[in-house]
Each structure stands twice: as structure tokens, then as C-alpha cells.
Amino acid sequence: MAIRGKLVKQDPNDEPASVLLEKIKAEKQELIKEKKIKKTKPLPPITDDEKPFDIPDSWEWVRCQSVTTTGNFKSITPDKIKIGENLIELADIESYSGKLINVEKITEKVGSNKYQYVKGDVLFAKLRPYLKKVVLAPNNGVCTTELLPIDGININNNFLYYVFTSDSFFNQIKKEMHGVNLPRVSPKKLSELIIPLPPLLEQNRIVANLNNVCAIIDKNI
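In the numbering used here, the protein residues as written are 1 to 221.
Errors might be hidden in some of the hints.
[What the hints assert, rightly or not] With a straight-line Cα cutoff of 25 Å, these simulated DSS-like cross-link-like pairs (lysine-lysine) come out: (1) 174 / 188; (2) 9 / 38; (3) 109 / 80; (4) 174 / 35; (5) 174 / 25; (6) 25 / 38; (7) 188 / 82; (8) 74 / 9; (9) 36 / 119; (10) 109 / 119; (11) 74 / 119; (12) 36 / 23; (13) 39 / 23; (14) 9 / 36; (15) 25 / 119; (16) 74 / 51.
Hints are computed from structural coordinates only; laboratory data are not their basis. Remember, it's a predicted structure, so these values are computed and weren't measured experimentally.
Model the full assembly from the supplied sequences, consistent with the hints where possible.
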């Protein structure tokens with residue numbers, strides 16, 4: 001309900017997502033100009049057949065690549081990874097709950113490339129994504145390349161987290177997984193998936209509401 005615009009009351013005074021989207025495009029161009037992210041190929045327009053449900057008039061359907069850093073993952077070679085850095089592996093994230101069980105400290109030279117993430121990034125597991133191993137990074141560090149660090153551009157990453165753990169998003173994921181024993185979703189396919197984009201103020205209200213609900217549930221478990 002939350003990501004369909006049915007959880008919190010719509011405020012007609014909110015700046016519509018269409019305006020936010022223009023700001024995101026401008027910010028993305030600035031990041032490309034500053035060489036903080038790479039320019040990506042334009043994706044096809046979203047068709048009505050792709051839209052899984054109706055959204056409020058002030059919202060927009062967008063592809064992940066349009067509003068996030070998908071496609072710009074920073075791979076770090078072992079020689080550049082420092083002892084003492086935070087490390088998150090797939091096993092450190094609890095299935096389905098999105099809870100971070102553990103954050104390791106690197107104590108010796110690692111044997112493979114890692115992805116760099118920063119505090120607040122959404123870490124999304126591309127391996128067996130149906131396990132919903134998705135978490136908000138609590139610190140800066142590096143992670144297995146089976147986790148994709150995603151940052152929203154001028155949007156609330158907490159809202160992204162709730163979108164990425166929603167059933168409607170995973171219904172899209174299921175159609176794009178490949179592999180039998182160890183199914184994955186590719187970064188390219190992930191970047192093409194669509195998500196609903198509310199006005200920024202509404203994103204904040206949705207997050208506050210869902211955080212309260214989750215806190216009540218955790219308290220009563």
C-alpha cells in the first residue's frame with residue numbers, strides 16, 4: 001500500500017514528482033560532468049503494460065537507472081583495500097528481514113575485488129534476490145560484488161529500501177533472474193526495472209510511517 005500511494009494522505013501542496021524528476025536529471029548531468037558517475041545509455045520509455053498498478057497523479061513511474069547510481073558500481077582491487085575497513089558479505093544479511101547480522105573488519109589481505117559503498121547506500125543482493133537480502137549501509141566500507149551498492153539521486157534512500165523489498169518489485173525481479181542453481185539478476189536488468197517515484201516530501205512521510213510500523217512489529221516479536 002505504501003508504495004502505491006495508499007498509506008499516507010496526499011498533499012496537493014507537494015511539489016510533484018515530475019518536477020523532482022527534472023531536478024534529478026540535472027543533478028545526474030552534474031555528477032557526470034564531475035566524473036563522479038559514468039554516462040549511461042538511455043533506456044526505452046515505460047509502457048502501460050509494464051506498470052503493475054496505478055499511482056497518484058503527482059507520482060511518476062521511472063526506471064531505476066534514471067534516479068539512482070545503478071550502473072556505476074565502484075570495484076576495488078585487493079591491493080587498494082585497507083586492513084581495518086568494514087566488510088559486508090552476503091551471509092551478514094538476514095534473509096527476508098533486511099537486518100544486518102554482522103559487519104566484519106578486514107584483518108588480512110582479501111583475495112578478490114569488492115564493491116565500495118558509503119553510509120546510507122542500499123545494498124541489494126543480486127545472487128538469489130528472492131531471499132530479499134537488502135539493507136541500508138550503516139557505515140562506509142566494502143562489500144562482496146554479489147551486493148550492489150545503490151544510491152538515490154535527490155531521493156530518500158530509505159524509501160528506495162522499502163521499494164526494493166516490496167513484493168511488486170520482486171515480481172519484476174523474478175522475471176529477470178537467470179541461472180538454475182544460483183539464480184542472479186544482472187546489474188543491467190536491475191537498472192531497467194521500474195519503480196514508483198512520489199514527491200520527495202511524500203517519500204519522507206511514507207518512510208516515517210513505515211519506520212513506525214516496523215518499530216512496533218520489532219517491539220512485539
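Out of the numbered hints, which ones does the structure contradict?
Of the numbered hints, 2, 4, 5, 7, 8, 14 and 16 do not hold.
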